[in-house]
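> Read off the chains here:
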Amino acid sequence: MIIVSRFRISSTIVICLLGLLFSFPSLLDQKAFDKLPKILQHTVNLGLELRGGSHIQLEVDIKLVEKEHQESILDETRKQLRKQNIRYSRVFVQTTPDGSAIVLSLKDEKDIQSATKILSKTDELEISVNGLNVTAAISKDFLDKFARRIVDESIEVIRHRIDETGMKEPIILRQGTDRITVQLPGIEDPAEVKRLIGKTAILTFHGVDEELESIHAKAGERVHLPTKPGVMYLPEEKGEEGIIYVPIKKQISLTGKSLIDAQMNIDQQSGMPCVSIKFDSIEGTRKMAELSAKYLHKQFAMVLDGKVLSAPVFQAVLNNGSAQITGHFTMQEANELAILLRAGSLPAQLNVVEERSVGPSLGADSISDGKNATIFAFLLVSFFMILSYGIFGFFSVISLSCNIMLLFAGLTLLGATLTLPGIAGIALTIGMAVDSNVLIYERIREEVRAGVKAMTAIAKGYKMAMMTILDSNLTTLIGSIVLYEFGSGPIKGFAVTLALGTVISLFTTFSLTKSIIAVWMKKNRNKEIVV
Amino acid sequence: MFRLHLIPYGSKFDITGKSRTILSLAVFMVIVCFAFIMFKGLNYGIDFKGGYIFEVRMPSTPDITDLRSRLNDCGLGEVAIQEFGTKEDLMIKLEKSEEGSEQASAIKQIRDTLGDGVIYKRIETVGPKVGEELVSNAIKAVSFALIAMLLYIAIRFEWQFGICAIAALFHDCALIFGMFSIFPLEFSETSITAILLTASYSINDTVVIFDRIRENLHRHSKMALNELINLSLNETLSRTALTAVTTLLAVLALYLFGGKVIASFALPIMVGIIVGTFSSIFVASPLLMFLNIKRKEVEPEDDHRGTPANIG
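Taken in sequence, the protein lines are chains A and B.
Take 1 as the starting number for the first sequence in this note's numbering and just add one per residue.
Take 1001 as the starting number for the second sequence in this note's numbering and just add one per residue.
Treat the hints with care, as some may be off.
[Unchecked claim] Which bits of chain A does chain B cover? Going by a derived footprint, with three or more residues having C-beta under 8 Å, they are:
id, stretch
1, 262-272
2, 324-330
3, 345-356
4, 365-372
5, 430-444
6, 470-481
FYI, nobody ran anything at the bench for these hints, they're computed from the structure.
Ideal Cβ positions, reconstructed from N, Cα and C, are used throughout, including at glycine.
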């Protein structure tokens, strides 16, 4: 005889009802769903491949970051060497297949110590000495930390930029040390978003060199660009007219950091789309005024990510902190530029490494396929269980349906994302969930064969199988927790479903099925029982 | 009342008697699979190699040969086109030929070549580095999970059990990877999940049998080890078969009704369940005979049935 306390039975019923409450909203259509009380308005999070949308993965260009960092260290080192009168033949960045490092070749052995001291001022460098060469490599640790910081800052900027476009429910997440995942439900063609997040959007203001002339290149034409220290030629795209290379002073006079607003506008004179910008009232406005006074009636240039947006002439001193960028824009381009400027610049270049988009029809097909597969899996397993164990098989079918319900409720409450392999995992859980019941029933059969009376056999079967079930489920649970801890992406998702499935199947076996059997046995106390 | 019995009651299959032959066969299979993995390698999908996948519905039945040659003319890389369900539905896969070709322009080129009126159900672009990282991460996570499970089994049972369970898991993974290599099935992100599912099924199966062996070690302290393992295997055989069948039925439903994507995922799991069941019976348990298990001398007090009734 197995006895299950009233409390156990009632708490089991309560848990199953809660499972029902939190799983059925996922099956409702939108209208019925909206009528539900707030607390029940949770549905299973569908992965992008099921609901349709785009997924973009970006990677911080860590090589570029490293290079820029090395260059700034090089500059600083040169300065210090000169200051301390240390003679050296050269200091440069050496690139080997394993990575790159700063190499300082000294002329005198006695300088090694002081040179090492200069380089070890920044603690991110790993320094080694070989003869007269001092090698300093940026440590991997530091680069990782650096990348992490860049990723954190970038996520903020990307969120701003995407929010500006009005797209719904974007999901922006860090992935590993140097990646960012952007998910856009419902967006089928991510081209616009990619343009928006692919740009660093660093806006700078420079003076234009007066001695060198701008050089006009027709489309496809190659031109020779003269060189001059402190000056660089940057391209200004003029559409069909080709490209104008503008000689620009390297020194940055003003950056877009102190911008407070940017809006798309129509230029009053030309009727072309343009972007009006506004600087903050303290620093930006003052610098703008200084710049326009310095370059009054002279040409200056507004540069975005190494390209000249426009290179006009200051007609007056600008005291109010506003200006207008009149480039060669279409409406869309001007709008995108305004968004970029409003959202601020990214701390580093991000490259798109992965991109997936799924149309809504495929997602709907996958969901209905997944539903069908789950239903058929359920029916097949139910049929087989009833065939093998009769009424007891039927009991496990009841607990199996609660199992599925609770699994859905659990996924909903955990906010886990249901993916295509996730649906497959659920269907598979159906197959494996009955395992505990099979173990118990087989144990009961063994007891009956050994001559034990049915009632006692059932109680004994439960007791004996308990240990086995705990051991096998705990092994799985430990495995899935470790997988969750160390895995990424699809592995994590799998681990959640597996762990949840294991815990729920333990519950249904030892609470639900056991309660049902206990109640049933009470009613059929005197009849013959065949398991 | 009718009851289905997959394994007749009181089966006495001599499993451990042939264990040397079967174990050598298992080792041989593992070696063969390893050789294939080493020399032939895996047929990595776009997930790992990097490239493009397009799932499209064409406005009318397309001439695939013509389409293939036109896409090849784009010079983007190797193009593979296959029908996907109906004649109008195509799956186009493009391996990325080299780094640096602009993604946006490649997608545009393909869109232009396919022409108007095409419905794009799915577009994927993957960089090869993402896949690489996924594999190394998967290996790391799985290794840690294996160690954790090994520890648990070693604590709950004896260390020998842990070693045997992991050996069986190793066997399963080798065989599944081998299958991916031998038949060249495409190895994609979901394949990793399929292998994880197999592993978790197999370890579960193994632990159940081990549990019975442990119990019998207490109960029949005088029985020879090979006899005892054989007895335990026979006692649990009915359960092993039943659970394998229910799980296989569920996966079969996935294979038949889950659509093309899930079907490609279900196939390795089906094989995995068969392999995992095989390894629990024929690898993990017989292997215990060759490791020196400590036997307790004390008779258990809870022996209510006695040996004869048990063997039937």
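> Take the stretch 324-330 of chain A, compare each residue's beta carbon with every beta carbon of chain B, and decide whether three or more fall closer than 8 Å.
violated (count 0)
> Can you take a look at whether the stretch 345-356 of chain A is actually covered by chain B? Rule is 3+ residues, C-beta closer than 8 Å.
Holds, because 5 residues of the stretch 345-356 of chain A bring their Cβ atoms closer than 8 Å to Cβ atoms of chain B.
> At least three residues with a C-beta closer than 8 Å to a C-beta of chain B: is that true for the stretch 470-481 of chain A?
Our answer is that it holds, as 10 residues pass the Cβ test (under 8 Å) against chain B, meeting three.
> How does the stretch 430-444 of chain A fare against chain B when you require at least three residues with a CB closer than 8 Å, holds or violated?
The restraint on the stretch 430-444 of chain A holds, since 8 of its residues have a Cβ under 8 Å from chain B and three suffice.
> How does the stretch 365-372 of chain A fare against chain B when you require at least three residues with a CB closer than 8 Å, holds or violated?
holds (count 5)
> Under 8 Å between beta-carbons, do enough residues of the stretch 262-272 of chain A, three at least, approach chain B for the coverage claim to hold?
violated (count 0)
In terms of the numbered hints stated before, the structure departs from hints 1 and 2, listed from lowest to highest.
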